[in-house]
Amino acid sequence: DVKVTQSSRYLVKRTGEKVFLECVQDMDHENMFWYRQDPGLGLRLIYFSYDVKMKEKGDIPEGYSVSREKKERFSLILESASTNQTSMYLCASSLLQTANTEAFFGQGTRLTVV
Amino acid sequence: AQSVTQLDSQVPVFEEAPVELRCNYSSSVSVYLFWYVQYPNQGLQLLLKYLSGSTLVESINGFEAEFNKSQTSFHLRKPSVHISDTAEYFCAVSDLRFQKLVFGTGTRLLVSP
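Protein sequence lines correspond, in order, to chains A and B.
When the letters of the first sequence are read in order and numbered with this note's numbering, they come out as residues 1 to 114.
When the letters of the second sequence are read in order and numbered with this note's numbering, they come out as residues 1 to 113.
Hints are not guaranteed to be accurate.
What the hints assert, rightly or not - Cβ pair distances, simulated, as ranges: (1) B/Ala17 <-> A/Thr86: 30 to 38 Å; (2) B/Phe14 <-> A/Glu56: 39 to 47 Å; (3) B/Ser70 <-> A/Glu17: 46 to 54 Å; (4) A/Glu17 <-> B/Phe14: 45 to 53 Å; (5) B/Arg108 <-> A/Ser82: 22 to 30 Å; (6) A/Ser82 <-> B/Gly53: 40 to 48 Å; (7) A/Val52 <-> B/Pro12: 30 to 38 Å.
To be verified - Derived lysine to aspartate or glutamate pairs resembling EDC-like cross-links, with alpha carbons at most 20 Å apart: (8) A/Lys55 <-> A/Glu69; (9) B/Lys49 <-> A/Glu102; (10) A/Lys71 <-> A/Asp28; (11) B/Lys69 <-> B/Asp85; (12) A/Lys55 <-> B/Asp95; (13) A/Lys70 <-> A/Glu56; (14) A/Lys57 <-> B/Glu64; (15) A/Lys70 <-> A/Asp28; (16) A/Lys53 <-> A/Glu69.
Derived by calculation from the structure, the hints in this document are not laboratory data.
Predicted, not measured: the structure shown is a model, and the values here were computed from it.
For glycine and all other residues, C-beta sits at the position ideal for the given N, C-alpha and C.
Make a model of the complete structure from these sequences and hints.
In structure tokens form, the structure reads like this:
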């Protein structure tokens, strides 16, 4: 059974803290993604990576960075958490090919910044 | 740039009634189209996808969607809904280079008895 695992379901952090959200996939997928989900806005792409040590900005990268040191792991970093980063964060992975481009999602991490 | 529009933020319907969730996309190139479903407190699951071939695609739980290139639409339909279909549904279009998914804002389907 394919799996994308996010390290935490719920997190509460204080303003200004450095926050790490971890994601691991066991499908040997090249692509990995971090999305943010907010009511009425759907899912918005923060960053994605198509290979180890490679990263590309998505639509809303400000305030975030990422790290991909191993193929199976993709980390999202909030350098200095702010209350407007309170949201649901979803990690996804997919194969790097032009067909059958289904993305598999983790369960999500609900982050609250107080 | 690609974009997806889901005009209905919420669709209330009675059990066993038919339902249509609307999705329109904008793209200047060939696209892949997807419907994902999100049950409460869960991640997204693929419901169905259009990659090529037949314009009518079906899922295993009775949903279907029809790709209409001239109307740039990919509406999701089910002839008879169940309480268990209550969820949020997201339409998405894929960027062919890196398979980045661009999502619509979602439609919450509320099925009541």
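How the hints compare with the structure:
{"no.": "1", "hint": "B/Ala17 <-> A/Thr86: 30 to 38 Å", "verdict": "holds (36 Å)"}
{"no.": "2", "hint": "B/Phe14 <-> A/Glu56: 39 to 47 Å", "verdict": "holds (45 Å)"}
{"no.": "3", "hint": "B/Ser70 <-> A/Glu17: 46 to 54 Å", "verdict": "holds (51 Å)"}
{"no.": "4", "hint": "A/Glu17 <-> B/Phe14: 45 to 53 Å", "verdict": "holds (47 Å)"}
{"no.": "5", "hint": "B/Arg108 <-> A/Ser82: 22 to 30 Å", "verdict": "holds (28 Å)"}
{"no.": "6", "hint": "A/Ser82 <-> B/Gly53: 40 to 48 Å", "verdict": "holds (46 Å)"}
{"no.": "7", "hint": "A/Val52 <-> B/Pro12: 30 to 38 Å", "verdict": "violated (46 Å)"}
{"no.": "8", "hint": "A/Lys55 <-> A/Glu69", "verdict": "holds (11 Å)"}
{"no.": "9", "hint": "B/Lys49 <-> A/Glu102", "verdict": "holds (8 Å)"}
{"no.": "10", "hint": "A/Lys71 <-> A/Asp28", "verdict": "holds (7 Å)"}
{"no.": "11", "hint": "B/Lys69 <-> B/Asp85", "verdict": "violated (27 Å)"}
{"no.": "12", "hint": "A/Lys55 <-> B/Asp95", "verdict": "holds (16 Å)"}
{"no.": "13", "hint": "A/Lys70 <-> A/Glu56", "verdict": "holds (16 Å)"}
{"no.": "14", "hint": "A/Lys57 <-> B/Glu64", "verdict": "violated (33 Å)"}
{"no.": "15", "hint": "A/Lys70 <-> A/Asp28", "verdict": "holds (11 Å)"}
{"no.": "16", "hint": "A/Lys53 <-> A/Glu69", "verdict": "holds (6 Å)"}
Of the hints listed earlier, those the structure fails to meet are numbers 7, 11, 14, in rising order.
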